[in-house]
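Undergrad: Take a look at the letters that make up each chain.
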Amino acid sequence: MTESADLDDDRAVTSRRRFLRESGALISGAVVAGLADGTALAAEPGSENVPPNVPEWMKAPGDPMGSQLYGTPSPFEKNVVKNISKNLPQYISASGRTPIGDLDGIITPNGLFYERHHGGVPAIDPDQHRLMLHGLIDRPMIFTMDDLRRFPSQSRIHFLECSGNPVYTKPYGKTASDLVGLLSCAEWTGVSLKLVLEEAGLRPEAKWLVAEGADAAALTRSIPIEKCLDDAMLVYSQNGERLRPQQGYPLRLLLPGFEGNMNVKWLRRLKAVPEPAYSREETSKYTDLMPDGVAREFTFYMEAKSIITRPSGGQKLKQTGFHEITGLAWSGHGKIKRVDVSVDSGKNWLEAQLQEPVLTRALTRFRLPWQWDGQPAVIQSRAVDETGYVQPTFAELLAVRGENSFYHNNAIQPWRIDAQGQVTNANS
Amino acid sequence: MPIPKSALAVLALTIVASFARAETPGHYGIGRTATDAEIAGWNIDIGRNGENLPPGSGTVAHGKEIFAEQCAACHGEKGQGGVGERLVGGQGTIATPKPIKTVGSFWPYAPTLFDYIRRAMPQNAPQSLSNEDVYAVSAYILNMNGLLPADATLDAKTLSAIKMPNRDMFTGDPRPDVKNPACEKGC
Chain A
1 MTESADLDDD
11 RAVTSRRRFL
21 RESGALISGA
31 VVAGLADGTA
41 LAAEPGSENV
51 PPNVPEWMKA
61 PGDPMGSQLY
71 GTPSPFEKNV
81 VKNISKNLPQ
91 YISASGRTPI
101 GDLDGIITPN
111 GLFYERHHGG
121 VPAIDPDQHR
131 LMLHGLIDRP
141 MIFTMDDLRR
151 FPSQSRIHFL
161 ECSGNPVYTK
171 PYGKTASDLV
181 GLLSCAEWTG
191 VSLKLVLEEA
201 GLRPEAKWLV
211 AEGADAAALT
221 RSIPIEKCLD
231 DAMLVYSQNG
241 ERLRPQQGYP
251 LRLLLPGFEG
261 NMNVKWLRRL
271 KAVPEPAYSR
281 EETSKYTDLM
291 PDGVAREFTF
301 YMEAKSIITR
311 PSGGQKLKQT
321 GFHEITGLAW
331 SGHGKIKRVD
341 VSVDSGKNWL
351 EAQLQEPVLT
361 RALTRFRLPW
371 QWDGQPAVIQ
381 SRAVDETGYV
391 QPTFAELLAV
401 RGENSFYHNN
411 AIQPWRIDAQ
421 GQVTNANS
Chain B
429 MPIPKSALAV
439 LALTIVASFA
449 RAETPGHYGI
459 GRTATDAEIA
469 GWNIDIGRNG
479 ENLPPGSGTV
489 AHGKEIFAEQ
499 CAACHGEKGQ
509 GGVGERLVGG
519 QGTIATPKPI
529 KTVGSFWPYA
539 PTLFDYIRRA
549 MPQNAPQSLS
559 NEDVYAVSAY
569 ILNMNGLLPA
579 DATLDAKTLS
589 AIKMPNRDMF
599 TGDPRPDVKN
609 PACEKGC
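Protein sequence lines, in the order shown, are assigned to chains A and B. Letter by letter, the first sequence follows residues 1 to 428 in my numbering. Letter by letter, the second sequence follows residues 429 to 615 in my numbering.
It should be emphasised that the hints constitute simulated quantities derived from the structure, not laboratory data. Check each hint, because a few of them may be wrong.
Calculated pairs, BS3-like style, for lysine-lysine (alpha carbon to alpha carbon, straight line, at most 25 Å) [stated by the list, open to error]:
no., chain 1, residue 1, chain 2, residue 2
1, A, K78, A, K316
2, A, K174, A, K194
3, A, K347, B, K613
4, B, K591, A, K335
5, A, K82, A, K316
6, A, K347, B, K526
7, A, K337, B, K526
8, A, K337, A, K347
9, A, K347, A, K316
10, A, K194, A, K82
11, A, K337, B, K613
12, A, K285, A, K207
13, A, K86, A, K316
14, A, K285, B, K613
15, B, K506, B, K526
16, A, K285, A, K227
17, A, K337, A, K170
18, B, K591, A, K170
19, A, K174, A, K82
20, A, K227, A, K337
21, A, K337, B, K607
22, A, K316, A, K227
23, A, K170, B, K607
24, A, K86, A, K174
25, A, K316, A, K174
26, A, K86, A, K170
27, A, K347, A, K174
28, A, K86, A, K59
29, A, K207, A, K78
30, A, K285, B, K526
Label pairs and their computed distance ranges (CB to CB) [stated by the list, open to error]:
no., chain 1, residue 1, chain 2, residue 2, range
31, A, P126, B, A578, 16 to 24 Å
32, B, D596, A, Q154, 19 to 27 Å
33, B, H455, A, N348, 53 to 61 Å
34, A, E403, B, A468, 40 to 48 Å
35, B, K585, A, E198, 34 to 42 Å
36, A, P126, B, E493, 37 to 45 Å
37, B, G600, A, T72, 42 to 50 Å
38, A, T72, B, N552, 30 to 38 Å
Cβ atoms here follow ideal geometry from the backbone N, Cα and C, with glycine treated the same way.
From just these sequences and the hints, can you work out the full model?
TA: Following this line, the structure appears as structure tokens:
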């Protein structure tokens, strides 16, 4: 029985991805063990390509130009794929996570961008796609995709995060992707929504826009007009190419810092209205239930958060000595000001280095050099944003919101490293 | 052939004028006016008080038939849930450790039910039910939740008049609601 579409995300935490990674870790571990034993290098599979031998891929020409008209990753990276839960009740309304523990930098490759659909992924012919703008508007308008691309364009880097990333209840995820993989970041290109609203003539009594997708869910959310006139965008491109179908091709709304589902994909209609629609997706879903039975509605912002992605759950430190601790921090309220890291179960905190650029409402990469002495340790990160807001612990969140609030869990995520270097979720 | 100076001046003025127009917000001249018929075809959202509900009506009895044909496979014969969500019951559980969110226990506004069924259900064929059938199946779901008599007929007026039990249990966003003192040493 499905109580909520978003429950699918945390019901089945086993994933093909983890199985493959653990298999890989076993093989890698065997290789390291072999080296430590002084086993002859020549006995290892594949060792004919290491010094002093000449690698086989130098002895003949490689693939010719044009053998791949759209490039794909090396076959050796075939395990770095979206993390899809197994055994979901259904996959039409479901989500797939970005493998954040396997990625570097702040930009998510388009093929690995997280997904959440409520009625499957529609196949839309851009020539037949229309955006309708009506309601409290002087000139109700219809735009083609060609029309929208004629407007002055802009490109900005912003993160997107699902509001249920993760929920508050057990079973807790094992990997960074299981826990916080409904998170991605891209350079978006499109037109300022404010500019398009000015073109049509927004009336002063318009306080909200009802945004509607052209998918089988006709997903509908109400957006406060202040956001629409601030940094909202009508987006047609992502990381330089047209949006992927899973990301709303050919047109999506982008509301930097707001919960993912409000960034309506396959956008077909914007209706200016005096009050919200109170649609199903902003009443029975995407409201945050408190222990006293009161549900918070219109909880738009994703508050400051961070997670260590390396080392993180499912990974293994193969030797003592130097390891860089690195991860991601972000805030829907602006720029990340500081990230603190603790390597002693939260007793002491060190300021991590922030990798430039530090952008507003974008992922920020942080790093901390670390010497692992081989003793068990618990490591975790804590983000502070430019408003001064400090990322809370899970216990602090639970004390205020209880376990059934479902959305907007931005808790500190601790990782336990055991004496063998195996990394697991310290909350489990 | 030489071009008269006056013609050049006109040309220059025209170019300046077109640049000036392009720089003025709200005057890009992009897009076209939507017709009333076009808007009517897409304008499907229903307000919480029933704004924009269409003409037509449906009975609980007819809704029971539609539900059996179109909904029960996923939501269960009595709305108890299955592949699809549970729709019935759960009243009194919302403030407990195991809340059961259904139309009857959690949804604040009855017209939203019409809106959602019409736009998104049944999942394999959304926007395929007539307005009469959407009224009827809405009536049946409300009836199963004890919110409408078995002999009732639902239309725009009666649907808008239903007060859902959980209506007053929603509030705004009070965040930031959780404080971390950001201890740095010897925590």
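Undergrad: Decide, hint by hint, whether the structure agrees.
TA: Results of checking the hints against the structure:
{"no.": "1", "hint": "K78(A) <-> K316(A)", "verdict": "holds (20 Å)"}
{"no.": "2", "hint": "K174(A) <-> K194(A)", "verdict": "violated (42 Å)"}
{"no.": "3", "hint": "K347(A) <-> K613(B)", "verdict": "holds (6 Å)"}
{"no.": "4", "hint": "K591(B) <-> K335(A)", "verdict": "violated (43 Å)"}
{"no.": "5", "hint": "K82(A) <-> K316(A)", "verdict": "holds (21 Å)"}
{"no.": "6", "hint": "K347(A) <-> K526(B)", "verdict": "violated (35 Å)"}
{"no.": "7", "hint": "K337(A) <-> K526(B)", "verdict": "violated (38 Å)"}
{"no.": "8", "hint": "K337(A) <-> K347(A)", "verdict": "holds (21 Å)"}
{"no.": "9", "hint": "K347(A) <-> K316(A)", "verdict": "holds (23 Å)"}
{"no.": "10", "hint": "K194(A) <-> K82(A)", "verdict": "violated (34 Å)"}
{"no.": "11", "hint": "K337(A) <-> K613(B)", "verdict": "holds (19 Å)"}
{"no.": "12", "hint": "K285(A) <-> K207(A)", "verdict": "holds (22 Å)"}
{"no.": "13", "hint": "K86(A) <-> K316(A)", "verdict": "holds (24 Å)"}
{"no.": "14", "hint": "K285(A) <-> K613(B)", "verdict": "violated (41 Å)"}
{"no.": "15", "hint": "K506(B) <-> K526(B)", "verdict": "holds (21 Å)"}
{"no.": "16", "hint": "K285(A) <-> K227(A)", "verdict": "holds (21 Å)"}
{"no.": "17", "hint": "K337(A) <-> K170(A)", "verdict": "violated (31 Å)"}
{"no.": "18", "hint": "K591(B) <-> K170(A)", "verdict": "violated (35 Å)"}
{"no.": "19", "hint": "K174(A) <-> K82(A)", "verdict": "holds (15 Å)"}
{"no.": "20", "hint": "K227(A) <-> K337(A)", "verdict": "holds (23 Å)"}
{"no.": "21", "hint": "K337(A) <-> K607(B)", "verdict": "holds (17 Å)"}
{"no.": "22", "hint": "K316(A) <-> K227(A)", "verdict": "violated (43 Å)"}
{"no.": "23", "hint": "K170(A) <-> K607(B)", "verdict": "holds (23 Å)"}
{"no.": "24", "hint": "K86(A) <-> K174(A)", "verdict": "holds (14 Å)"}
{"no.": "25", "hint": "K316(A) <-> K174(A)", "verdict": "holds (13 Å)"}
{"no.": "26", "hint": "K86(A) <-> K170(A)", "verdict": "holds (17 Å)"}
{"no.": "27", "hint": "K347(A) <-> K174(A)", "verdict": "holds (23 Å)"}
{"no.": "28", "hint": "K86(A) <-> K59(A)", "verdict": "violated (43 Å)"}
{"no.": "29", "hint": "K207(A) <-> K78(A)", "verdict": "violated (48 Å)"}
{"no.": "30", "hint": "K285(A) <-> K526(B)", "verdict": "holds (16 Å)"}
{"no.": "31", "hint": "P126(A) <-> A578(B): 16 to 24 Å", "verdict": "violated (49 Å)"}
{"no.": "32", "hint": "D596(B) <-> Q154(A): 19 to 27 Å", "verdict": "violated (42 Å)"}
{"no.": "33", "hint": "H455(B) <-> N348(A): 53 to 61 Å", "verdict": "holds (60 Å)"}
{"no.": "34", "hint": "E403(A) <-> A468(B): 40 to 48 Å", "verdict": "holds (45 Å)"}
{"no.": "35", "hint": "K585(B) <-> E198(A): 34 to 42 Å", "verdict": "holds (39 Å)"}
{"no.": "36", "hint": "P126(A) <-> E493(B): 37 to 45 Å", "verdict": "holds (40 Å)"}
{"no.": "37", "hint": "G600(B) <-> T72(A): 42 to 50 Å", "verdict": "holds (47 Å)"}
{"no.": "38", "hint": "T72(A) <-> N552(B): 30 to 38 Å", "verdict": "holds (33 Å)"}
The structure shown violates the earlier hints numbered 2, 4, 6, 7, 10, 14, 17, 18, 22, 28, 29, 31 and 32.
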